[in-house]
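K.L.:
Whenever a hint applies, use it, and build me the whole structure from the sequences.
So the sequence lines, in the order shown, correspond to chains H and L. Heads up, the first sequence is in my numbering, so the first residue is -11 and it goes up one at a time. Heads up, the second sequence is in my numbering, so the first residue is 23 and it goes up one at a time.
Treat the hints with care, since some could be wrong.
Said to hold, decoys possible - Derived lysine to aspartate or glutamate pairs resembling DMTMM-like cross-links, with alpha carbons at most 25 Å apart: (1) 111/L with 36/H; (2) 473/L with 504/L; (3) 111/L with 39/H.
As the list claims (entries may be wrong) - Stretches of chain L that chain H covers, calculated by requiring three or more beta carbons in the stretch to come under 8 Å of a beta carbon on chain H: (4) 142 to 153; (5) 238 to 251; (6) 317 to 323; (7) 348 to 362; (8) 426 to 435; (9) 521 to 529.
No lab work stands behind these hints, which were simulated from the structure alone. Where is the CB? At the ideal position from N, CA and C, for every residue including glycine.
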Amino acid sequence: MKALSQKRRHPLAAIALLLMGLLITGGLYAAATTVNEAKASTTSYSADDVEEGGKLFAANCATCHGMGASGSGAGPSLVGVGAAAVDFQVGTGRMPMQMNGPQALEKPVQFNDEQTRQLAAYVASLGAGPAVPEESLLDEGGDAAAGGELFRTNCAMCHNAAAAGGALTRGKFAPALADVSGKHIYEAMVTGPQNMPVFSDSNITPEGKRDIITFLKQIETTGSPGGADLGSLGPVAEGLFVWVAGLGVIIAFTIWLTSRTS
Amino acid sequence: MSAASTAEPAFAAKTKAGRFTDFVDSRVGGSGILREFGRKVFPDHWSFMFGEVALYSFVILLLSGTFLTFFFDPSMAETHYDGSYVPLKGVEMSVAYNSSLDISFDVRGGLFMRQVHHWAALLFVASIAVHMLRVFFTGAFRRPREMNWVVGGVLLILAMAAGFTGYSLPDDLLSGNGLRIIDGVIKSIPVIGTYISFFLFGGEFPGTAIIGRLYVLHILLVPALILLMIVLHLFMVVIHKHTQYPGPGRNDNNVVGYPLGPVYAAKAGGFFFIVFGVLALMAGFFTINPIWNYGPYDPSPVSAGTQPDWYIGFVDGALRLMPGTLGDWQVEQDWFGYVFSFNVLLPALVPAGILFTVMFMYPWIERWITKDDREHHVLDRPRNAPTRTAIGMAGFVWYCVMWAAAGSDLIATHFSVSLNDVTYWLRALFFIGPIIAFIVTKRVALALQRKDREIALHGRETGRIVRLPHGEFIEVHAPLDEYKRYKLVGFESPEVLPAMPNEHGVVTRKEKRRAFLSKWFFEDRVAPATPAELEAAHGHGHAAVEAPEEAKSLSH
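P.N.:
And the structure:
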């Protein structure tokens, strides 16, 4: 301790202190983020998958994402995005991207399940990241009511309370969630595609995510108890309907009632 | 004399029903009332029926609303849902929301009645709006009906108040968000806003009092005021008699149409059931305000696509259009230690204030400009009052721009355009839209008048080309019959009224302003064809060709 106190006015002491602080912060952050990572990594990929995926990647993705997925001016680096991100982006047809725009749009899927898996294996081999979720988290057996509360607090401001989608700035939008598979919903939450924030496991636990999926699937199967839902878009759709259909029919009747006169 | 009349039995009813009606009639004089009302003449035109639609919607609102009060509990006490709707089971919520869900899922016919009530509310305000547009564009607000125009305007505001207080009652997330916006608008009122808000909500928003208070307003005060205004409104309709569209034999001293009884009363009574039927079908097949989607109110979440019902939409739209900064100037200002939130205050109160002020004052504005103090019972066709029609369309477009802005997010997603661009365009249209609408409408109205004049003078184009003996080709114009021609020529066309000196021989500044506005109103005018012009037009050139046409039309 004496040596330490004697050296405390050394010219390099400040630098050493700074270095120490940075190391601790960085180390703690790294530890914290790895704790937060969705580590549901049960799918083990073979070396073959990785190799095949590498070939597919070089042929279809490297133009924008660069050789070795290190990124280029046209697309971000994919090191560390994990298998979940690939499975979501490629599995919903968003990647390979059709054209540049405010955001990548869903379109018919370009690769079969096997190829998607190989691509995921390749990207997962480049660095640790969220894996494709286990079946047990997607079985829709969670608590729908709890999922509903989580959905309204975390998701509804963009996706709409009835998951009918909503607008974001400058042409971007949060899509409607009907017909999206539970797996893709889960992957979207852990990877945060496009403008969506990442909901890490410390933010919403895997069980919470399972509840959200349960809720979404439940309202989808329940349908609309009150009749046609008019797109679940709220008062704008209702107002449009009453003005066009409601008043339209009423006007037709008024014309009929007054038609036999001068 | 009276002894003589009581001595002789005037009427002895033979049937039971006859005795009963005679009993009533001899005590309350029902036949006199019936005679008076039964002979009240109503002109028939489809556009005259929107007031009726509003009235019937109100009756349906009272009926369905009464049903809902049997089951609704306006308490903000906390409870846990234990009803039939699984996705909300066990969720903590207010008793008000809980009972709204019970009405929707566990009361027989409850969801249907809720939907009837809500659709009827939307139709109520919509039919009032269309009715007012009809009254405005046909000039039915002119003497003697200015006061009734004001009563109608008050009814519109009351209808909006009824709608908004009702919209908030289920205490779901959507209505709570709407209430929060109202709270924000109230708080933006300088100095006293916070006090008013605390007074209204019984403390900081949302508190535990507001649903009960809104409920009392919604089922007691507002409907009572609406009822009072409806009575006044109809009373004045009876006093003034109904207006009529111009036509042969119609003038300011008569009303041409059907008497109320029996045909018109039957039609009107039947129309009530038609309106009820249409609303019932809408309620049965189309969901409205699915409160179970929105979840219980919680001040933290705000769902995408949060909008008020359509009639409050224009205020919401104005709020959405308002920028937070103008150049470098922050719209929100801190003066004398108080925050002045002009970014909320201006859009929430100013456009609505302008719209309603101009609307209420318009009959007097036009009366002042035209110096027209005569009674009018014959309506104007909108084209025959081009400037008024243009003013109306300017206001209508201004309203619609704000209205559209309330759905800016849905415009963006459904037409795949940028939300920012929608906002920029609507901001521009907020200012230039009314101007374009004014100019275009006025020109269209004048063009239609010219077309009318042309047809009155030269008849309708038949598309039949005739070659005359000397080789000239002409198109045969079929002359109109007198009834149709009357409609095209028999209207008033006021001219510019120049400034006049008053009794002291002085032309006041106010009079000069009036004269300026009069010029602005009437300088572009297409005069109706005069009898002399008609005579001249029919006397010229192709009379010989037209003659056989005329002979034909006479023969059938």
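K.L.:
Would you check chain H against the region 426 to 435 of chain L, counting CB to CB pairs closer than 8 Å, and say if three or more residues qualify?
P.N.:
Holds, because 7 residues of the region 426 to 435 of chain L bring their Cβ atoms closer than 8 Å to Cβ atoms of chain H.
K.L.:
Tell me if chain H covers the region 238 to 251 of chain L under the three-residue, 8 Å CB rule, please?
P.N.:
violated (count 0)
K.L.:
Within 25 Å, alpha carbon to alpha carbon, are residue 111/L and residue 39/H?
P.N.:
The hint is violated at about 49 Å.
K.L.:
Between residue 111/L and residue 36/H, does the CA-CA distance stay at or below 25 Å?
P.N.:
Given pair residue 111/L, residue 36/H is violated - Cα atoms ~48 Å apart, limit 25 Å.
K.L.:
Is residue 473/L close enough to residue 504/L, meaning Cα to Cα at most 25 Å?
P.N.:
17 Å, holds
K.L.:
At least three residues with a C-beta closer than 8 Å to a C-beta of chain H: is that true for the region 317 to 323 of chain L?
P.N.:
holds (count 4)
K.L.:
Are there at least three residues in the region 348 to 362 of chain L whose beta carbon sits under 8 Å from a beta carbon of chain H?
P.N.:
Per the Cβ count (0), the hint is violated.
K.L.:
Three or more residues of the region 521 to 529 of chain L near chain H by CB distance under 8 Å?
P.N.:
As far as the region 521 to 529 of chain L goes, the hint is violated, because 0 residues have Cβ atoms under 8 Å from chain H.
K.L.:
Can you tell me if the region 142 to 153 of chain L counts as covered by chain H, using C-beta to C-beta distances under 8 Å and a minimum of three residues?
P.N.:
holds (count 5)
In terms of the numbered hints stated before, the structure departs from hints 1, 3, 5, 7 and 9, listed from lowest to highest.
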